[in-house]
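Could you slot chains B and C onto chain A? The hints should help.
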Amino acid sequence: MSASLQRGLNAFKEQIDAPVAAFFSSCVRCGLCANACLFYTETGDPKYTPIYKLEPLRRVWRQEYTFWGRLAKAVGLSKAVTDEELGDWEELVYDSCTMCGRCSMVCPVGNDITYMIRKMREGMAVAGHAPVGLVGATKRAVEIGSPMGVKLPALQAQIRHTETEFGLEIPVDKEGADYLLLLSSMEIMNFPEFIGAVAKIFKHAGVSWTISSEAFEATNSGIQIGVSEIAAELVQRIVTAAEKLKVKSVISPECGHAYMAIRWEGPNLIGRPYSFKVVHILELLDQLRAEGRLQTTGKESQRLTYHDPCQVSRRGGVVDQPRNLLNMVAEDFVEMPETGTMNWCCGAGGGVSSNERADEIRLKAFNRKKQQLDAIHPQAIVSACSNCRIHLEDGLEEYGMDMPVISLTETIAEHLAEDKS
Amino acid sequence: MSKDETLGEALRRQGITRRGFLKFCAATASMMALPPSMVPAIAAALEKAMRPSVIWLSFQECTGCTESLTRSHSPTVEGLIFDTISLDYHHTLQAASGSAAEAAREAAMEENYGKYILVVDGSIPTANPGYSTIAGISNKSMLLDTAKGAAAIVAVGTCAAYGGIPKAKPNPTGAVAVSDLIKDKPIINVSGCPPIPVVITGVLAHFLTFGTIPELDALGRPKAYYGQSIHDRCYRRPFYDKGLFANTFDDEGAKKGWCLYKLGCKGPTTYNACATTKWNEGTSFPIEAGHPCLGCSEPDFWDGGGFYKALSMPTEDITRAAVYAVGAGAAAGVALGAMNRAKKARAVKTHEKVTINDLEKGADDD
Amino acid sequence: MTETELLLWVRGPALQIATVIFVLGIVVRIAGILMLGRKKNLAEARGSAVAGGLRTILSRSIPDPGTLQRSTFNVVAGYIFHIGLFITILLFAPHILLIEDVFGVSWPALPTPIVDATTVVTIIALLAVLIHRLRHPVMRFLSGFQDYLVWLVTILPLVTGYLAFHRVGIAPPPTLLAIHILSVELLMVVFPFTKLMHTFSLFMARYYNGAISGYKGVKS
Numbered sequence: 153m154s155a156s157l158q159r160g161l162n163a164f165k166e167q168i169d170a171p172v173a174a175f176f177s178s179c180v181r182c183g184l185c186a187n188a189c190l191f192y193t194e195t196g197d198p199k200y201t202p203i204y205k206l207e208p209l210r211r212v213w214r215q216e217y218t219f220w221g222r223l224a225k226a227v228g229l230s231k232a233v234t235d236e237e238l239g240d241w242e243e244l245v246y247d248s249c250t251m252c253g254r255c256s257m258v259c260p261v262g263n264d265i266t267y268m269i270r271k272m273r274e275g276m277a278v279a280g281h282a283p284v285g286l287v288g289a290t291k292r293a294v295e296i297g298s299p300m301g302v303k304l305p306a307l308q309a310q311i312r313h314t315e316t317e318f319g320l321e322i323p324v325d326k327e328g329a330d331y332l333l334l335l336s337s338m339e340i341m342n343f344p345e346f347i348g349a350v351a352k353i354f355k356h357a358g359v360s361w362t363i364s365s366e367a368f369e370a371t372n373s374g375i376q377i378g379v380s381e382i383a384a385e386l387v388q389r390i391v392t393a394a395e396k397l398k399v400k401s402v403i404s405p406e407c408g409h410a411y412m413a414i415r416w417e418g419p420n421l422i423g424r425p426y427s428f429k430v431v432h433i434l435e436l437l438d439q440l441r442a443e444g445r446l447q448t449t450g451k452e453s454q455r456l457t458y459h460d461p462c463q464v465s466r467r468g469g470v471v472d473q474p475r476n477l478l479n480m481v482a483e484d485f486v487e488m489p490e491t492g493t494m495n496w497c498c499g500a501g502g503g504v505s506s507n508e509r510a511d512e513i514r515l516k517a518f519n520r521k522k523q524q525l526d527a528i529h530p531q532a533i534v535s536a537c538s539n540c541r542i543h544l545e546d547g548l549e550e551y552g553m554d555m556p557v558i559s560l561t562e563t564i565a566e567h568l569a570e571d572k573s
Numbered sequence: 016m017s018k019d020e021t022l023g024e025a026l027r028r029q030g031i032t033r034r035g036f037l038k039f040c041a042a043t044a045s046m047m048a049l050p051p052s053m054v055p056a057i058a059a060a061l062e063k064a065m066r067p068s069v070i071w072l073s074f075q076e077c078t079g080c081t082e083s084l085t086r087s088h089s090p091t092v093e094g095l096i097f098d099t100i101s102l103d104y105h106h107t108l109q110a111a112s113g114s115a116a117e118a119a120r121e122a123a124m125e126e127n128y129g130k131y132i133l134v135v136d137g138s139i140p141t142a143n144p145g146y147s148t149i150a151g152i153s154n155k156s157m158l159l160d161t162a163k164g165a166a167a168i169v170a171v172g173t174c175a176a177y178g179g180i181p182k183a184k185p186n187p188t189g190a191v192a193v194s195d196l197i198k199d200k201p202i203i204n205v206s207g208c209p210p211i212p213v214v215i216t217g218v219l220a221h222f223l224t225f226g227t228i229p230e231l232d233a234l235g236r237p238k239a240y241y242g243q244s245i246h247d248r249c250y251r252r253p254f255y256d257k258g259l260f261a262n263t264f265d266d267e268g269a270k271k272g273w274c275l276y277k278l279g280c281k282g283p284t285t286y287n288a289c290a291t292t293k294w295n296e297g298t299s300f301p302i303e304a305g306h307p308c309l310g311c312s313e314p315d316f317w318d319g320g321g322f323y324k325a326l327s328m329p330t331e332d333i334t335r336a337a338v339y340a341v342g343a344g345a346a347a348g349v350a351l352g353a354m355n356r357a358k359k360a361r362a363v364k365t366h367e368k369v370t371i372n373d374l375e376k377g378a379d380d381d
Numbered sequence: 002m003t004e005t006e007l008l009l010w011v012r013g014p015a016l017q018i019a020t021v022i023f024v025l026g027i028v029v030r031i032a033g034i035l036m037l038g039r040k041k042n043l044a045e046a047r048g049s050a051v052a053g054g055l056r057t058i059l060s061r062s063i064p065d066p067g068t069l070q071r072s073t074f075n076v077v078a079g080y081i082f083h084i085g086l087f088i089t090i091l092l093f094a095p096h097i098l099l100i101e102d103v104f105g106v107s108w109p110a111l112p113t114p115i116v117d118a119t120t121v122v123t124i125i126a127l128l129a130v131l132i133h134r135l136r137h138p139v140m141r142f143l144s145g146f147q148d149y150l151v152w153l154v155t156i157l158p159l160v161t162g163y164l165a166f167h168r169v170g171i172a173p174p175p176t177l178l179a180i181h182i183l184s185v186e187l188l189m190v191v192f193p194f195t196k197l198m199h200t201f202s203l204f205m206a207r208y209y210n211g212a213i214s215g216y217k218g219v220k221s
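Protein chains in written order, with our numbering: chain A, 153 to 573; chain B, 16 to 381; chain C, 2 to 221.
Think of the hints as simulated: they come from the structure by calculation, not from any bench. Even glycine gets a Cβ: it sits at the ideal position worked out from N, Cα and C. Accuracy of the hints is not assured; some may be wrong.
Said to hold, decoys possible - Here's a subset of chain B near chain A, in silico, CB distances under 10 Å, partners left out: (1) Leu351; (2) Arg361; (3) Val363; (4) His366; (5) Glu367; (6) Ile371; (7) Asp373; (8) Leu374; (9) Lys376.
Said to hold, decoys possible - Interface residues of chain A toward chain B, partial, derived using beta-carbon atoms under 7 Å: (10) Ala155; (11) Asn162; (12) Lys165; (13) Gly280; (14) Ala282; (15) Val379; (16) Glu381.
Claimed, not checked - Derived BS3-like pairs: lysine-lysine, alpha-carbon spacing no greater than 30 Å straight-line: (17) A:Lys303 x A:Lys396; (18) A:Lys291 x A:Lys396; (19) C:Lys40 x A:Lys429; (20) B:Lys184 x B:Lys324; (21) A:Lys199 x B:Lys376; (22) B:Lys200 x B:Lys130; (23) A:Lys291 x B:Lys359; (24) A:Lys303 x A:Lys355; (25) A:Lys291 x A:Lys516; (26) A:Lys429 x C:Lys41; (27) C:Lys220 x A:Lys429; (28) B:Lys368 x A:Lys231; (29) B:Lys376 x B:Lys359; (30) B:Lys364 x B:Lys376; (31) B:Lys324 x B:Lys270; (32) B:Lys368 x A:Lys396; (33) B:Lys63 x B:Lys200; (34) B:Lys376 x A:Lys225; (35) C:Lys40 x B:Lys364; (36) B:Lys376 x A:Lys303; (37) C:Lys220 x A:Lys400; (38) A:Lys451 x A:Lys522; (39) C:Lys41 x B:Lys359; (40) A:Lys199 x C:Lys220.
Isolated chain A (complex conformation) (with noise of 0.2 Å):
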């Protein structure tokens, strides 16, 4: 069996519900969304207006579900979505979409279009249009367990590492914890201080808490690439691992689409409710700031600002908890010029990253967080996802800008009082 338009299109159908037929209904064609989108905005070509991206989505809808497109195609007046079209399409729908969402608080009719782009990815990942780098990560994370081939021996490794530099313990399958951190590729590869920070910040805080040998890794690209089934053993293979190590919650670490894949897909994705919780790293930070177990001493002196990860805040519902962790530690922290729910994406989010294909435009569209930067001119970037962290450096790098990208988990560790313990 592979992929093909005929499964495509039946997934477009499966897809099509209530929600999509109003705003599709709705829409008319006042183009604001172009204006709310970063891969429009830095190259001024209109057909990287966000609604547009769906428009094979909208034909199938008006040929399968209104009366008058029923009646077209009874009588042969509509064409049919082809291949081809699908194929063009898969630039538009992969490659300049992040499924940000930041159109879908634009849009003054109120459509939610990150959730259509969400829903036609099902249709063109069985259709063969899903991007080749994409198909490769979710390769990876199905058989090897990470979309960047990061296998248990190397976090073994990096644990190894992180318990002598810090002298901590890093509990690993410890039964009963309750707390279960994931973690992801990323963080492994690329950010192992991630790790100590968390442990420095739990020992500070008292709490328990345990890694998975068995379901490390956060990340899903069954979400990103558009495939319920496959996103759904991902998150399956994490609720086992909490099931069996009978875990109060679980954590998702600095992440935006782990987030949204194990907190708000993950129940609807293998179709039941969790026996645990699912908390954002800084959900459960703040938390513990606000029950007055997080002690901080001293503050960062250079002038910080806050880059919301998409999907930890506009889609995912993580917005205070951060600056209300920042101002424990931050003498000068400043809000970009749009902030929180409305902030601009990096411009790698939602596979985006895995794609090398859209590496050229998803350093075009950098240019948007350049001005974000630009009007307030901070010495660090605090952000809570690696994917983020990385493509800013890389964007920053490329803008010939120089200041660092740092976590807003490592920064708090860093500043934690010594003498409660």
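Frame of chain A; chains B and C shown alone:
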């Protein structure tokens, strides 16, 4: 009255002063939208005009038009003008009847062939000639016969002009207007139910003065009298513009003299001189008396959707249509929805589990 | 057909036909949307979907500052012609009477000179919107036949209404009025089959958008 007498002589003989006559001429000039400089010319022309022969035919009518003319207050110039025309046949007013009367009509027609003015009030039944006859002659044949020698025809009243009340739905007599039957003579429609007396005499005065028919609007009415709508000249217009309306006949708005639009006033679509000339020697007109205009000078005014229904209101039951449409729409919508759901369910059933091997097209696919 | 007959026809049978198509079409569309259904969300809620949905129905009427700044013309012209349509349709005395006759509810009217001026402003705004649609790269790119058709059937009632109110002498006033009502009937007939449906469906769209976000504790 001698037939050789001029109009001027006849008027003076009846005690109308020169001053009174000129006043009438001036009023006529102003109503016909002529400059004041034309007044002496009108007066001169009228003075010298020979009393024209007028044949007045009454068909399906209520005599209201004749009443409007003859019952006007005290002797007025316009009333007297009528006295001074040679009204050779008017079966309501004349003493003779039956074949004697018809003989008089035929004599007048013969004597003034090609010169007499034919005045008609009332509509003409066409469904059955027996519906309305005079001395055994059907209205239609009498009209066709009499029209032949007429210089011009004045259709007085809405019935003669447009069919009027007899033509109202379901029009049992097949009533038609004069203009429906006569196509080869100039016809002046002096509509109204009844028309304003001075408008009738004004039209005659115009004909006597200039020997031509006045400029007419698209509905065959003299523009001088029917050029503006009641609404445009209504003294209550400012209330309309301010949005101040009487909602009932006895509310505060009605007492304060606010606009009667909501009570069904047809002023906006009615063209007549009521608001300027008024009735009963300039005393008042219906709106001034607190009643909405019925639109009586317009064709089919009787079937205009209800006298007390505002112009913008629907004339059929829209609420019921909408209720039925909601019912039918819900049924059709649920049917379409069920078909959609079935289609979607089929798509879900057709769905084959997607694995990582299904993300690329097979080699044999192309 | 005489002027009065035409006017009677448009106020009577034609209005009935238009109303049936309008109402039936809208109900079918709404039922068609709702019956497609949506899955229950199994994730643990952080906020109220209903509250979020209701909130967004209202809040989406106000543009975010960035959009106002980047798409100033769209937003301002859009506001003007929508408010203009609201005033001319719902606050003109003869229209209120029609609504009262059909629905049995009524409210005070605005003075006619204000409605009159609003009509002119609305017509100008719609003309500007058309020019913008033809000139702006994104709008021109997105626009198809339907977008121009909808523009036409929207501006026609305004223009014909203006002509009828001022009795512009291209036709006798009852005919002008009849043409105005006919143009509205055209709008009603086209309505359910075009993007004009957004008048109703945007409440659903905004609700769903707000509910999806509200469930996650986000104000959208």
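Hint by hint, here is what the structure shows:
1. Leu351: Because about 6 Å separates Leu351 (chain B) from the closest Cβ in chain A, which is inside the 10 Å limit, the hint holds.
2. Arg361: Given a least distance of 8 Å, the restraint on Arg361 (chain B) holds.
3. Val363: Holds: closest Cβ of chain A sits about 5 Å from Val363 (chain B), inside 10 Å.
4. His366: Holds, about 6 Å.
5. Glu367: Where the cut-off is 10 Å and the nearest Cβ of chain A is about 7 Å from Glu367 (chain B), the hint holds.
6. Ile371: holds, 5 Å
7. Asp373: holds, 6 Å
8. Leu374: holds, 5 Å
9. Lys376: With Cβ-Cβ at 4 Å, under 10 Å, it holds.
10. Ala155: holds, 5 Å
11. Asn162: holds, 5 Å
12. Lys165: Holds: closest Cβ of chain B sits about 4 Å from Lys165 (chain A), inside 7 Å.
13. Gly280: It holds, given that the least Cβ distance between Gly280 (chain A) and chain B is near 4 Å, below 7 Å.
14. Ala282: holds, 6 Å
15. Val379: holds, 5 Å
16. Glu381: holds, 5 Å
17. A:Lys303 x A:Lys396: Holds - the C-alpha atoms of Lys396 (chain A) and Lys303 (chain A) are around 20 Å apart, at most 30 Å.
18. A:Lys291 x A:Lys396: holds, 26 Å
19. C:Lys40 x A:Lys429: holds, 21 Å
20. B:Lys184 x B:Lys324: The hint holds at about 18 Å.
21. A:Lys199 x B:Lys376: holds, 26 Å
22. B:Lys200 x B:Lys130: holds, 12 Å
23. A:Lys291 x B:Lys359: holds, 29 Å
24. A:Lys303 x A:Lys355: Holds - the C-alpha atoms of Lys355 (chain A) and Lys303 (chain A) are around 26 Å apart, at most 30 Å.
25. A:Lys291 x A:Lys516: Given that 30 Å is the threshold and the Cα spacing comes to 28 Å, the pair holds.
26. A:Lys429 x C:Lys41: holds, 18 Å
27. C:Lys220 x A:Lys429: Given that 30 Å is the threshold and the Cα spacing comes to 22 Å, the pair holds.
28. B:Lys368 x A:Lys231: With Cα atoms ~28 Å apart, Lys368 (chain B) and Lys231 (chain A) stay inside 30 Å; holds.
29. B:Lys376 x B:Lys359: Holds - the C-alpha atoms of Lys359 (chain B) and Lys376 (chain B) are around 24 Å apart, at most 30 Å.
30. B:Lys364 x B:Lys376: holds, 22 Å
31. B:Lys324 x B:Lys270: Holds - the C-alpha atoms of Lys270 (chain B) and Lys324 (chain B) are around 20 Å apart, at most 30 Å.
32. B:Lys368 x A:Lys396: holds, 27 Å
33. B:Lys63 x B:Lys200: holds, 26 Å
34. B:Lys376 x A:Lys225: Roughly 27 Å between the alpha carbons, so the hint for Lys376 (chain B) and Lys225 (chain A) holds.
35. C:Lys40 x B:Lys364: With a Cα-Cα distance of about 16 Å, the restraint between Lys40 (chain C) and Lys364 (chain B) holds, given a limit of 30 Å.
36. B:Lys376 x A:Lys303: holds, 29 Å
37. C:Lys220 x A:Lys400: With Cα atoms ~28 Å apart, Lys220 (chain C) and Lys400 (chain A) stay inside 30 Å; holds.
38. A:Lys451 x A:Lys522: holds, 26 Å
39. C:Lys41 x B:Lys359: The hint holds at about 17 Å.
40. A:Lys199 x C:Lys220: holds, 29 Å
Checked against the numbered hints above, the structure breaks none of them.
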